[in-house]
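*Asks:* Top to bottom, those sequences are chains Y and G. Just so you know, we're using this note's numbering here: the first sequence kicks off at 1169 and counts up by one. Just so you know, we're using this note's numbering here: the second sequence kicks off at 3 and counts up by one.
Please note: incorrect hints may appear among the correct ones.
[As the list claims (entries may be wrong)] In silico EDC-like links for lysine to aspartate or glutamate, alpha-carbon gap of 16 Å or less:
#1 Y:K1380 to G:E69
#2 G:K212 to Y:E1234
#3 Y:K1380 to G:D183
#4 G:K207 to Y:D1235
#5 Y:K1344 to G:D183
#6 G:K212 to Y:E1207
#7 G:K212 to Y:E1241
#8 G:K212 to Y:E1242
#9 Y:K1253 to Y:E1196
#10 G:K170 to Y:D1238
#11 G:K207 to Y:E1232
#12 G:K207 to Y:E1234
#13 G:K11 to G:D183
#14 G:K212 to Y:E1196
#15 Y:K1344 to Y:E1354
#16 G:K212 to Y:D1235
#17 G:K207 to Y:E1196
#18 G:K170 to Y:E1196
[What the hints assert, rightly or not] A short list of chain Y residues far from chain G (calculated; beta carbon distances all over 10 Å):
#19 E1232
#20 A1236
#21 Q1244
#22 G1320
#23 E1325
#24 Q1333
#25 E1362
#26 K1370
#27 T1394
#28 S1401
Keep in mind the hints are simulated off the structure, nothing from the lab. Everything numeric in this text was worked out from a predicted model, so none of it was measured. For every residue, glycine included, the Cβ atom is placed at its ideal position computed from N, Cα and C.
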Amino acid sequence: MSANQLLSATITSASLREPDSDGDTRLEGSLVLSSASDECLELFITKQLLRGADGAVLSASTDEREDALDSGEELQLDLDSGYLKASLLNGTPNPLLQVEVLGCTSNYIQLKPVQLGDGTPSLYGWHQPTQIGSSVIIESLAVSVGTVDDDGDVRIEIRALVHNQSDQYVPRIAVKARAMATGGREIDSSSTEEKLRPSETKVIELCFYSIKHNRLRGLAVSTEATVFASSSSARCESEIEASQL
Amino acid sequence: MSINLLAAKATQPDSDGDARFEVSLSYKNESVQTIELLHTRMLVTAPDGTPLGEAEEDIEELIPHGETGRISISSYRIPYPHSDVTQACLTVTIVPMACTFLDLGRLKISDHPGGISTCSDEQFSEGLAVKRWSCHRRRDDRDGDVTVEASAWLENNTGHTIHRAVMKLQIYNYSGRPLNDTESRDDRLIFSGIPAIINDSLYCKTSQLKNAYISATIRGFTPLEATSIQVNELQLDR
Chain Y
1169 MSANQLLSAT ITSASLREPD SDGDTRLEGS LVLSSASDEC LELFITKQLL
1219 RGADGAVLSA STDEREDALD SGEELQLDLD SGYLKASLLN GTPNPLLQVE
1269 VLGCTSNYIQ LKPVQLGDGT PSLYGWHQPT QIGSSVIIES LAVSVGTVDD
1319 DGDVRIEIRA LVHNQSDQYV PRIAVKARAM ATGGREIDSS STEEKLRPSE
1369 TKVIELCFYS IKHNRLRGLA VSTEATVFAS SSSARCESEI EASQL
Chain G
3 MSINLLAAKA TQPDSDGDAR FEVSLSYKNE SVQTIELLHT RMLVTAPDGT
53 PLGEAEEDIE ELIPHGETGR ISISSYRIPY PHSDVTQACL TVTIVPMACT
103 FLDLGRLKIS DHPGGISTCS DEQFSEGLAV KRWSCHRRRD DRDGDVTVEA
153 SAWLENNTGH TIHRAVMKLQ IYNYSGRPLN DTESRDDRLI FSGIPAIIND
203 SLYCKTSQLK NAYISATIRG FTPLEATSIQ VNELQLDR
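Just chain Y, same shape as in the assembly (with noise of 0.2 Å):
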């Protein structure tokens, strides 16, 4: 069975809404998705096309959504176009919608906290690489406590050094570092996501803007990144019933 067999999609109850006092319409509707995959997919990439009738592309969407489907069972994901034109739409009774899921596992990982000791300036971290998933390893982890300014705060910057080693686009790693304090209090936390090409290796930053001086004796930067990994897709396409805008 191949990657695009194990997810399928039907599009149920498609419709276009009347349109608003500004002549704008949107597409609603559901996109019903099961999977034989053996991992549960947790992030869904959707990219929507509303075509006319010579096939001019009317509307265009991408959306991302983390959810959860498991081998065997249904999911129902919403569908949106965003506002078009009901103008467009004219001569064009039956617009055909085609819809392009791709079905992303993820793998999470804890990395190794940093130690800040008594919160020196000075850089901190480790290189020691670490996998998740099969695609993506973190070569190292850097945290660079900065000085201490005017309002007592200082500024603590996290860079990961993050390499894809497949030949797979990895749609999203996210990334989120939490400042630790002892007896497991969370201080402060930064996250961000982002993408990476084939064979990709970039440095993620992230960053606490202003960390009060006398809370870095003790601290951790407790680090954990989840890998989406592209997994499975599917194609379907219903037309829909225009007629009555």
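Place chain G on chain Y using the hints.
*Replies:* Chain G in isolation, oriented as in the chain Y frame:
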């Protein structure tokens, strides 16, 4: 805690007759406890004592015993009917607060709509105790979302009234990956020796809750001895 005035300024009343007041103070923590929150209040009165308005602000600081620092407190627009704004009288009060932190750990979220899971292990720290806490998975709505609610039975044995409790919740999926989180503030008074339940909730996708967990932490703020200062001479802020 001791405080000293560094500067006090006021702007001329604007076309609406409103003025803005600002005070800078230095402080020193002379109590043995670490201060983590300063509740500040500035009352503005006319020279004859007529009350005109007040400004309140909470400032989160970590101030160990013996440490010094500076803070500024400012008001928004306060109506000032007299001609000379520098004659206004300010009464600044600072209520320092200590913080007790409790990590309640993780609790499995029921796999069934309407299910409740409970942790009955008592957790306590510095006079603040959670007797038990629970997680209630509400029934799914039509959009495939579900509300997850956590409630904690809190007992305040600190000997002081808790003026603020902050609850933080985090949901984790089957692999331990964090999903949604939320932090909320409960400003009810929680008297010493009197139990209270604090709770909060967050939304989650129904499909993501298979073998999911929730974690909770609580911070309780108790006031220490308040300090006041009166300011009768202000500079004009041009």
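*Asks:* It remains to establish, for every hint, whether it holds in the given structure.
*Replies:* Against the structure, the hints come out as follows:
1. Y:K1380 to G:E69: Judged against 16 Å, a Cα distance of about 13 Å means the pair holds.
2. G:K212 to Y:E1234: Holds, at roughly 14 Å.
3. Y:K1380 to G:D183: violated (24 Å)
4. G:K207 to Y:D1235: Distance ~7 Å between K207 of chain G and D1235 of chain Y Cα, so the pair holds.
5. Y:K1344 to G:D183: Given that 16 Å is the threshold and the Cα spacing comes to 13 Å, the pair holds.
6. G:K212 to Y:E1207: Roughly 14 Å between the alpha carbons, so the hint for K212 of chain G and E1207 of chain Y holds.
7. G:K212 to Y:E1241: holds (13 Å)
8. G:K212 to Y:E1242: holds (14 Å)
9. Y:K1253 to Y:E1196: holds (15 Å)
10. G:K170 to Y:D1238: Since the Cα atoms of K170 of chain G and D1238 of chain Y sit roughly 29 Å apart, the hinted pair is violated (cutoff 16 Å).
11. G:K207 to Y:E1232: holds (14 Å)
12. G:K207 to Y:E1234: Between K207 of chain G and E1234 of chain Y the Cα gap is close to 9 Å, so the pair holds against 16 Å.
13. G:K11 to G:D183: violated (41 Å)
14. G:K212 to Y:E1196: violated (29 Å)
15. Y:K1344 to Y:E1354: Answer holds: K1344 of chain Y to E1354 of chain Y is near 13 Å, not above 16 Å.
16. G:K212 to Y:D1235: Distance ~11 Å between K212 of chain G and D1235 of chain Y Cα, so the pair holds.
17. G:K207 to Y:E1196: violated (20 Å)
18. G:K170 to Y:E1196: violated (36 Å)
19. E1232: holds (14 Å)
20. A1236: A1236 of chain Y not clear of chain G: closest Cβ-Cβ about 4 Å, inside 10 Å.
21. Q1244: violated (7 Å)
22. G1320: violated (7 Å)
23. E1325: holds (21 Å)
24. Q1333: holds (21 Å)
25. E1362: holds (17 Å)
26. K1370: The claim stands: K1370 of chain Y keeps its Cβ more than 10 Å from every Cβ of chain G (closest is about 21 Å).
27. T1394: T1394 of chain Y not clear of chain G: closest Cβ-Cβ about 6 Å, inside 10 Å.
28. S1401: The assertion about S1401 of chain Y holds, with a minimum of 19 Å to chain G.
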